[in-house]
Amino acid sequence: MPWLFAVLVVGYAMVVGGYAATVVSFALIYAVFVTGLNLFMGFAAQVSFGQNAFAAIGGYLSAVLTATYGWSPLPGMALGIVAAVLAAAIVGYPALRLKGHYLAMGTLAIGLITYEITVEWQSVTQGYMGISGIPPFGIGPYEVTSDRGQLILLSLVVAASLFAAARIRRSRFGRALSAVAGSEEAAVALGIDVARYKLAAFLLSAGFAALAGSLFVHVVGFVSPEVFGLHMVIVTFTMLYVGGIGTVVGPLVGALIVSLLPETFRAFKDYQDLAYGAALILLLIYAPRGLASLFSPRGRS
Amino acid sequence: MSRLRLEGVTRRFGGLVAVDNVSFEVPTEGVTAIIGPNGAGKTTLFNLIAGALPPSAGRILFEGTDITGHPPAAIAAAGLVRTFQLVKLFDDLSVLDNVKVGCHLRGNAGLFGALLRPASVRSEEAAVDARARELLAFAGLSAFADEPAVGLPYGRQRMLELARAMAAGPRLILLDEPAAGLNTEESAALARIIRRIAEEGTSVLLIEHDMTLVMNTADRVVVVDFGRKIAEGTPAEVRANPAVIAAYLGTGKPGKGAAASGVQEAARG
Chain A
499 MPWLFAVLVV GYAMVVGGYA ATVVSFALIY AVFVTGLNLF MGFAAQVSFG QNAFAAIGGY
559 LSAVLTATYG WSPLPGMALG IVAAVLAAAI VGYPALRLKG HYLAMGTLAI GLITYEITVE
619 WQSVTQGYMG ISGIPPFGIG PYEVTSDRGQ LILLSLVVAA SLFAAARIRR SRFGRALSAV
679 AGSEEAAVAL GIDVARYKLA AFLLSAGFAA LAGSLFVHVV GFVSPEVFGL HMVIVTFTML
739 YVGGIGTVVG PLVGALIVSL LPETFRAFKD YQDLAYGAAL ILLLIYAPRG LASLFSPRGR
799 S
Chain B
18 MSRLRLEGVT RRFGGLVAVD NVSFEVPTEG VTAIIGPNGA GKTTLFNLIA GALPPSAGRI
78 LFEGTDITGH PPAAIAAAGL VRTFQLVKLF DDLSVLDNVK VGCHLRGNAG LFGALLRPAS
138 VRSEEAAVDA RARELLAFAG LSAFADEPAV GLPYGRQRML ELARAMAAGP RLILLDEPAA
198 GLNTEESAAL ARIIRRIAEE GTSVLLIEHD MTLVMNTADR VVVVDFGRKI AEGTPAEVRA
258 NPAVIAAYLG TGKPGKGAAA SGVQEAARG
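In order, the protein sequences belong to chains A and B. Using my numbering, the first residue of the first sequence is number 499, and each one after it goes up by one. Using my numbering, the first residue of the second sequence is number 18, and each one after it goes up by one.
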């Protein structure tokens, strides 16, 4: 069911094109980010309010390397992901000693600091002005410029991300993450190196965030600090909880719903935000474990 | 050679001496029980052995190797695995997957193994699956394999925790009050399973309040009171030991009246 919904939405956007294609493209980019967030917050049950920092690192490195230094997108993206994962290792190693609220505060700080850097380091990021003229994806002479081409590319990336998440879920690695989520004490007693698995989930999550950040700048052709600001944290959290935290397909469903809801309420004009808020509240009341859980046999709602 | 050897192990919490200069050995074969009144320091002793707490003094040797102060995951990897007084299952996972987590130490597939799933990882997974199902059958849980662990009745949750610990392939298993909260029937089934674990070559060290279980399963009993070892021997010897009777009945030295909680069980034996 959730899969069918996703395929229908993407198919519709593909056929209609135009504005619908843009909205769905952004939703798919968010889906990549939220899939990563879900590995850390859903599978391993940790908290991070700072994954936007890694999206910013991936996005800005891609932007600067391609727009300023004339690199082609693919190596720029690869370097962006490597840099984000390295940054995650440097901050994650000490930060993951924190637990619960302290971890949340620590990671929030990482996001805010990165935001300030993107604003203040004007010689590289051009501050609030942002960087424009970022080339679209392409290998050699082939560039993905059409709405439909981008939708297909993004769908493939999302499919690969979800496939990775599904494989992780049903593996020794994924079970170890679930053990960390269930009881750290019991996990340790079974010989699981809890700190190592938390860090691994954090790095993976940062890698997905950087990938999403890089996808964004190449699809839009422009980047500014607001793109990866606090707003992104709030939107992606909403997506994760609405879709279904800890499930494989939840991030995609959440990203699509949260992106499309405001559009469907556009007819309400002044009451758009109110209707959107009401819809979210209803979702959380009737599907507290997310929409994806409504259709899974294990779902308890 | 003994499986486990404690030499003068002591643990202080501020001014309180929770475990006071305790020495004993767990033989390679059979079941050893630690008994004692509430608050005698039994669980602290377990936490010291399993590495959850560092001792203030003394040495702990597992199969002749000094494991004092080693991190708990490393102690588990060495072959010494514990269960908890309060059941700690992985609620999000199925019953079968809980036992598979127990097999963690027997595998080595990592992230890339998960993503690429080469033949070596597939065969490792198949072996883990077979081993986990075998242990579920052993614990009488086969019928619940695909149910979420959190939905099991309490007695079966205890069995699952035991199966999960056995999945780690321990040579010594520490059971912290395994019969707590079980009814008579479940407790008898547990006693049979503990005996079988011991017969199959895993040494068992358990803490227990349920004297029936102790007398039915233990080959050796160590009695602690106020953090000190006060007696050691076969169940029959311990039952006849005046110091043990004093600790449980609260006669003997003044100030030990609070220890009278286990009275009836001990007397009944």
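For the record, the hints were derived by calculation from the structure and aren't laboratory data. Glycine included, each C-beta is placed from N, C-alpha and C at the ideal position. Certain hints may be false.
As the list claims (entries may be wrong) - Partner residues are not named here, just some residues of chain B that face chain A (Cβ under 8 Å, in silico):
(1) F30
(2) V34
(3) G56
(4) A67
(5) G86
(6) G119
(7) P135
(8) A136
(9) R148
(10) L199
(11) F243
(12) I247
(13) G250
Unchecked claim - Here are some chain A residues the structure puts well away from chain B; computed CB gaps all over 10 Å:
(14) V545
(15) V562
(16) V655
(17) A662
(18) G672
(19) A674
(20) S676
(21) V686
(22) G689
Stated by the list, open to error - For each label pair, taking beta carbons as the anchor points, the in silico distance ranges come out as:
(23) A143(B) - H729(A): 45 to 51 Å
(24) G218(B) - A587(A): 50 to 56 Å
(25) G647(A) - S140(B): 18 to 24 Å
(26) A263(B) - A587(A): 16 to 22 Å
Evaluated hints:
| no. | hint | in the structure |
| --- | --- | --- |
| 1 | F30 | violated (19 Å) |
| 2 | V34 | violated (25 Å) |
| 3 | G56 | violated (21 Å) |
| 4 | A67 | holds (7 Å) |
| 5 | G86 | violated (15 Å) |
| 6 | G119 | holds (6 Å) |
| 7 | P135 | violated (12 Å) |
| 8 | A136 | violated (15 Å) |
| 9 | R148 | violated (13 Å) |
| 10 | L199 | violated (19 Å) |
| 11 | F243 | violated (27 Å) |
| 12 | I247 | violated (29 Å) |
| 13 | G250 | violated (30 Å) |
| 14 | V545 | holds (16 Å) |
| 15 | V562 | holds (29 Å) |
| 16 | V655 | holds (15 Å) |
| 17 | A662 | violated (6 Å) |
| 18 | G672 | violated (6 Å) |
| 19 | A674 | violated (6 Å) |
| 20 | S676 | violated (5 Å) |
| 21 | V686 | violated (5 Å) |
| 22 | G689 | violated (4 Å) |
| 23 | A143(B) - H729(A): 45 to 51 Å | holds (47 Å) |
| 24 | G218(B) - A587(A): 50 to 56 Å | violated (42 Å) |
| 25 | G647(A) - S140(B): 18 to 24 Å | violated (41 Å) |
| 26 | A263(B) - A587(A): 16 to 22 Å | violated (59 Å) |
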